[in-house]
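A.B. asks: Okay, here's what each chain looks like letter by letter:
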Amino acid sequence: MKKVLIIGAGTAGLSAASSLSERGISSVLIERSAILGGMATEFGCKGIRECVRCDACLARDKVNEVKRSELVERIKGANISKLSGKPGDYRITLSGLSLEGGKRQVRAGAIICAFGYEPFDAKLDHRLGYGLVGDVISSIDVERQLKATGRIVVPSTGNNPASVAFIQCVGSRDKRFKQELCSRACCKSAFKTSQFLKKQDPETMITFHYMDWRLNDPRENVRQWASGQNGVELLRSRPAEVFSGEDHRPTIRFAAEGDAQVNEKGYDLIVLSVGIAPSSETSRLAQVLGTEVDRYGFLRTIPGDACVSTRAGIFLAGCCSGPKDLVESAKDGAVAAHKAFQFLEAGL
Amino acid sequence: MTDETSIGVLICSWAGGKDGAFDLQALKDHAARSPLVTFVAIVDRICSSSGQSEAVELLKRHKVDRFVVAACSPGSKEPLYRRISSLAGLHPLGFESANLREQCAYVHDSPHAAEKAKVLIDMAIAKADLWVPPPYEDELPVTRRAAIIGDGLAAGIAAYELAMQGIDVDLIMRSEGFEWPADYLFENRVAQHRAEQTMMALAIHPRVNLVQAAEVVGFDGVPGSFGLMVERYGDILPIKCGAVVLAPHLEVKFKVLRGTQVGALLSSDLQDGKRVVILPGATGSGVGCNCVSARAVRFAQTVKERSRDSQVMLMGREMRALGSCESIYEEAQRQGIIFTRIEQVPVLEGESPCTLKVMDASLGELAVKADTVVMETSDAPQLPSLSRLFGVPMDQKGDFLTLETRLRSTETMQRGVFACRVRMGNMMAEDLMLEAKSAASFAAELLTKGTMEVGGAVAEVEPEKCSACLACVRICPYGAPVIGEAGKAQIVMQKCQGCGICVGLCPSKAIAMYGSSDAQLRAQASVALQGVR
Amino acid sequence: MIIGEQKPFKELCALLDGHKEILVAGCRSCVAICLAGGEKEVGVVAESLRLYSDLNGKEWRVDEVTVERQCEKEFVLDLIERTKGKDAVLSLACGVGAQSVQSLYPGIRVLPGLNTSNMGAPEEQGVFVEKCGGCGDCVLHLTGGICPIVRCAKSLLNGPCGGSQNGKCEISPDVPCAWDQIYHSLERLGRLDLLEELIPPKNWLPSRSGGPRKIVRPEAVLTPVEKELRGAKE
Amino acid sequence: MRIIGYICDHAAYSAADLAGQSGLRYSSDVVLIRLPCAGRLDIIQVLKAFRDGADAVFVAGCLEKNCHHVYGNIEARKRMEQAKGILDAIGLNGKRLEMFNLASNQDFKFKEIVDMMVKRVEELGRNPLAVRA
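Residue numbers (my numbering), protein chains in the order written: chain A, 49 to 396; chain B, 9 to 541; chain C, 57 to 290; chain D, 17 to 149.
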């Protein structure tokens with residue numbers, strides 16, 4: 049049965065589909081929502097004239113690539129409800145309102161899970177004031193603003209912010225919320241967003257409250273960039289609280305490294321860089337598919353065997369198996385496709 | 009109009025969108041008035057299977073040699089139009105499209121849309137009239153063999169992945185044997201074990217031909233059938249392949265600045281030098297800032313585990329442990345490994361034991377006593393020579409420059425040549441392995457298919473006009489133009505990716521392009537501007 | 057090769073004022089390579105002139121052509137049809153080309169579209185640097201293959217002047233000192249001893265001061281008999 | 017009014033398609049011509065379009081450093097800068113020609129570009145050659 053079922057049409061799933069179709073293998077791409085592209089379709093380009101490699105546009109390029117392929121059947125508004133059969137000949141029951149009679153059976157030799165992640169819900173960390181204090185928004189809100197309008201503004205005024213603070217590692221490296229891992233993509237996203245802000249208005253003052261700089265691309269250097277800009281401040285601190293200051297601006301209470309004082313500082317806009325949390329579908333799908341979940345709540349990969357799950361014929365790509373950025377997800381998708389192909393061809 | 013051309017026009021019944029932004033019949037009548045057109049037809053949903061057969065049938069019946077398809081965007085439908093063209097017995101690229109949906113019906117209000125649709129269809133007809141059949145080979149055979157170049161883990165993994173897919177592999181190594189995965193620092197120990205097993209399996213895999221103690225000295229041929237010249241014990245060995253994977257070995261070394269040698273450091277009976285400080289490499293490690301890498305943490309852990317009463321300290325500005333490497337960092341903290349955040353490169357005073365003068369980020373100036381000081385370094389010595397030989401440029405930090413813009417991050421500007429970048433993510437062995445698998449996967453795509461598409465919208469030199477000025481040779485991102493034996497430029501079709509940069513640049517107007525010739529672009533603009541002046 | 061650059065567009069328009077039937081003529085040789093007068097530049101200039109004429113009611117009719125080498129009679133003679141009815145040829149070749157067109161078409165005014173600058177080489181795509189002064193008395197064998205006549209601002213023949221600073225010429229920090237380069241070149245060649253050889257005051261007679269230069273290669277020149285046997289070509 | 021937009025087959029074409037799919041509206045006076053890459057375009061084409069009466073011409077390519085063909089967009093920009101100089105010298109305002117860079121997911125930016133060029137023609141007035149006819 050030389051057909052692969054791919055769960056999720058985000059960057060990883062699309063990349064897997066396009067890679068399989070290059071090898072002449074047909075696939076069925078299942079997407080829960082009504083559009084292809086996944087989370088990245090909500091991300092905005094952070095370049096003005098020059099690209100800053102935020103990779104947000106690449107998901108759209110992948111959608112185009114998959115739409116061109118005649119070997120990829122795309123089913124939107126559907127989900128997996130049951131799995132039977134055996135590795136090499138799985139039978140999958142799909143359900144969804146878009147399907148005739150709400151159900152459909154698909155046969156596939158292998159399955160690639162690429163159902164992605166959910167951004168950490170910043171409301172869970174009450175102290176940071178998300179949803180409570182005005183002009184405190186999440187990095188996902190910033191992305192949506194950028195995608196829709198090409199600008200980043202203060203929600204309450206609609207103007208360019210004169211000062212912006214980024215609070216990093218919201219829902220990352222944090223045991224309180226069972227989010228122990230580094231989310232891998234948020235340093236990059238905050239860095240690129242601030243590059244955009246500086247291009248949008250060079251007068252914008254930017255402050256980062258961060259723990260460690262961890263850009264995926266070791267060639268990039270935030271410190272070097274910051275030292276070449278006016279008004280970019282890097283504070284190693286984990287803010288204690290965000291509240292509405294006397295001037296009604298969002299204000300951060302924090303202690304910075306090398307400074308025993310507790311400080312309070314107000315900004316026009318505070319961006320919470322939210323981490324990558326396991327999709328709420330993870331445990332249900334793990335149960336349906338018979339694969340394991342690791343202690344961080346992501347699907348488990350076999351160590352040293354990227355993209356291979358604990359069950360034969362089921363492969364993992366993208367953030368469903370742990371935090372990744374867009375480029376890594378795409379790379380993962382191609383490798384998962386490769387593994388699925390090997391499995392179908394040689395029964396590995 | 010040239011005498012031989014005959015153009016058919018197919019208008020999709022949905023071209024005006026679901027609401028029908030314009031009257032298709034009026035559009036049809038308009039197109040039919042063009043003297044260039046043999047027939048015009050409205051096809052019921054051209055992308056449906058019945059629509060496709062109807063289109064093929066119409067093209068055959070009217071015996072046209074090219075057609076215009078007025079429908080939705082060729083961005084997603086081009087492969088479909090190609091198939092219609094092929095099935096009708098025409099050149100697979102023998103059509104022009106008028107994007108009546110995305111560029112007209114969806115973006116303009118009704119009366120304007122109807123007028124604009126006429127313009128778009130006229131432009132497509134004018135362009136189709138000037139279409140010249142390009143050289144095109146849909147399925148040019150590719151030598152189904154891969155050459156992997158490099159000594160280390162990445163090369164081994166890439167070779168294994170391809171071999172397991174049934175592809176014959178030549179693994180060309182400088183060394184006499186493998187650099188075993190024991191040299192590498194893994195995030196996960198099970199992974200290390202598996203990698204070791206893979207490397208052992210590789211050595212006896214029937215599809216893997218190990219070419220040891222060898223150096224690649226020459227690279228020629230064209231994408232699809234490359235030729236490598238490999239020097240081995242003074243002999244030159246030719247190797248043919250359809251894909252090349254460049255996977256140079258990344259040497260990670262902990263260079264001793266003071267005290268015990270690294271070997272002794274890792275032995276279980278560390279007598280002296282119990283106070284160990286590990287510094288990030290100031291240069292050469294590839295890390296943008298002075299970061300403590302996950303690799304250095306792994307190294308620190310090994311020292312600590314071998315000699316439990318040693319005091320191990322890692323110094324650096326940041327702790328770089330992306331994703332799941334966070335757990336290594338935590339584990340190390342539990343083991344009592346000390347992390348010191350320093351602002352500047354420390355000053356070393358005295359021999360072993362020595363004093364490190366450091367500027368701690370929170371505590372200010374500190375003097376740290378140490379018996380042993382090591383510095384993390386990494387280097388990929390083979391990378392520059394591979395870069396030169398294969399024409400894959402290097403970036404400023406000494407890694408391969410790949411086509412990141414296409415989300416296929418191990419593809420290079422040289423078609424059929426794939427490169428593993430050595431410094432990605434955490435730069436742990438796992439990252440290297442993923443990079444190798446990705447490169448192998450793209451190479452496998454090409455080799456599994458066994459054929460490649462060549463030609464189509466490519467550039468071509470008119471030799472009698474060429475001044476051999478080298479402008480095209482210097483500008484082409486893909487290295488397609490060369491000065492041929494006749495002393496004139498010629499474009500290697502297999503390498504040309506059809507960007508047309510050389511066409512726009514050539515000072516002698518000696519380069520023409522199929523699919524977007526000067527005449528075609530000119531005709532489109534003229535039609536669009538008809539009646540304006 | 058010969059390096060030239062286009063005159064500013066306004067100057068071209070001024071040159072052509074009063075003419076009606078214009079032929080823009082390019083050359084596929086040196087000036088094409090230095091991106092000043094190849095077929096593409098001819099196209100750009102011709103189209104710009106047409107646009108200018110249309111906008112300003114000049115009623116110019118601009119035709120365009122590019123020949124293999126405008127300095128060669130045989131190629132220029134091919135223009136005979138294209139020059140018919142023209143009252144001006146705007147030559148985008150070097151001064152040599154422009155003159156050969158004028159000599160073959162004495163009834164048409166030939167206007168120079170380029171300023172012919174020097175003899176040089178492309179340093180990189182789009183950058184052309186003067187390399188040879190055409191002095192007629194070459195000393196490159198003594199100077200490590202670097203011409204002191206054009207590459208030294210003062211054309212000094214026996215070492216640098218006091219203005220040589222850290223390998224740069226005093227006229228500009230972007231200009232390398234030729235004598236510094238000569239020294240290093242000879243050092244690489246292991247022939248620093250050549251610096252001791254005094255280059256005597258130069259004989260400028262073979263240079264421009266002796267009037268237009270002419271080089272005759274007797275073995276290549278057709279003898280009167282040969283010319284007679286080939287028959288009259290002109 | 018007639019504006020010609022030369023758009024590259026990658027980011028620009030894709031953004032234009034997305035603009036259509038998102039239902040953004042722009043002036044039907046703008047006609048798009050697809051190029052394999054912005055780097056394909058040369059100055060002569062642009063000059064000829066103006067001579068045919070185009071009120072404005074724009075070129076849209078991928079963002080710099082994100083060109084599908086590595087640096088075709090930068091080549092295009094250099095050429096368009098040169099062309100703007102020529103237009104100024106001719107007496108046809110160089111502002112009638114503009115080069116833009118955008119990403120494939122920027123449908124709104126594509127509309128902004130088109131709207132901006134339309135507005136520019138309104139400010140500068142029509143191409144004198146077009147009006148004369």
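What the hints contain is simulated information worked out from the structure, not anything from laboratory work. Be aware that one or more of the hints could be misleading.
Pairs of lysine-lysine, DSBU-like flavour, derived with a Cα cap of 30 Å [claimed, not checked]: (1) D:94 x C:187; (2) A:50 x A:134; (3) C:258 x C:270; (4) A:51 x A:171; (5) C:63 x D:64; (6) C:63 x D:111; (7) A:195 x D:64; (8) D:81 x B:405; (9) A:246 x D:111; (10) B:68 x A:115; (11) D:127 x C:66; (12) C:76 x D:81; (13) A:134 x A:223; (14) C:114 x C:140; (15) A:151 x A:246; (16) A:247 x D:64; (17) B:473 x D:111; (18) D:135 x A:247; (19) B:261 x B:365; (20) C:129 x C:140; (21) B:312 x B:282; (22) D:81 x C:114; (23) A:226 x A:171; (24) C:66 x D:111; (25) B:405 x B:282; (26) C:224 x C:258; (27) B:473 x D:64; (28) C:210 x C:140; (29) D:100 x C:76; (30) D:127 x A:246; (31) A:115 x B:473; (32) D:64 x A:130; (33) D:111 x D:100; (34) A:115 x A:151; (35) A:171 x A:246; (36) D:127 x C:114; (37) B:126 x D:135; (38) C:210 x B:473.
A.B. asks: Does each hint hold? Answer for all of them.
C.D. replies: Now the hints, each set against the structure:
1. D:94 x C:187: 27 Å, holds
2. A:50 x A:134: 14 Å, holds
3. C:258 x C:270: 19 Å, holds
4. A:51 x A:171: It is violated: about 42 Å lies between the C-alpha atoms, which goes past 30 Å.
5. C:63 x D:64: 21 Å, holds
6. C:63 x D:111: 23 Å, holds
7. A:195 x D:64: Not satisfied, since the Cα-Cα distance of roughly 36 Å exceeds 30 Å.
8. D:81 x B:405: 17 Å, holds
9. A:246 x D:111: 26 Å, holds
10. B:68 x A:115: 28 Å, holds
11. D:127 x C:66: 36 Å, violated
12. C:76 x D:81: 47 Å, violated
13. A:134 x A:223: Roughly 38 Å separates the two Cα atoms, so the pair is violated.
14. C:114 x C:140: Holds, at roughly 20 Å.
15. A:151 x A:246: 50 Å, violated
16. A:247 x D:64: 35 Å, violated
17. B:473 x D:111: Between residue 473 of chain B and residue 111 of chain D the Cα gap is close to 34 Å, so the pair fails against 30 Å, i.e. violated.
18. D:135 x A:247: Holds - the C-alpha atoms of residue 247 of chain A and residue 135 of chain D are around 24 Å apart, at most 30 Å.
19. B:261 x B:365: 24 Å, holds
20. C:129 x C:140: Roughly 17 Å separates the two Cα atoms, so the pair holds.
21. B:312 x B:282: 10 Å, holds
22. D:81 x C:114: At roughly 44 Å apart (the allowed maximum being 30 Å), residue 114 of chain C and residue 81 of chain D break the hint.
23. A:226 x A:171: Roughly 15 Å separates the two Cα atoms, so the pair holds.
24. C:66 x D:111: 19 Å, holds
25. B:405 x B:282: 35 Å, violated
26. C:224 x C:258: Holds, at about 25 Å.
27. B:473 x D:64: 22 Å, holds
28. C:210 x C:140: 48 Å, violated
29. D:100 x C:76: 26 Å, holds
30. D:127 x A:246: 24 Å, holds
31. A:115 x B:473: 41 Å, violated
32. D:64 x A:130: Violated - the C-alpha atoms of residue 130 of chain A and residue 64 of chain D are around 63 Å apart, more than 30 Å.
33. D:111 x D:100: Distance of about 7 Å is within 30 Å: holds.
34. A:115 x A:151: 24 Å, holds
35. A:171 x A:246: The given pair, whose Cα atoms are some 28 Å apart, holds under the 30 Å limit.
36. D:127 x C:114: The given pair, whose Cα atoms are some 39 Å apart, is violated under the 30 Å limit.
37. B:126 x D:135: 25 Å, holds
38. C:210 x B:473: 41 Å, violated
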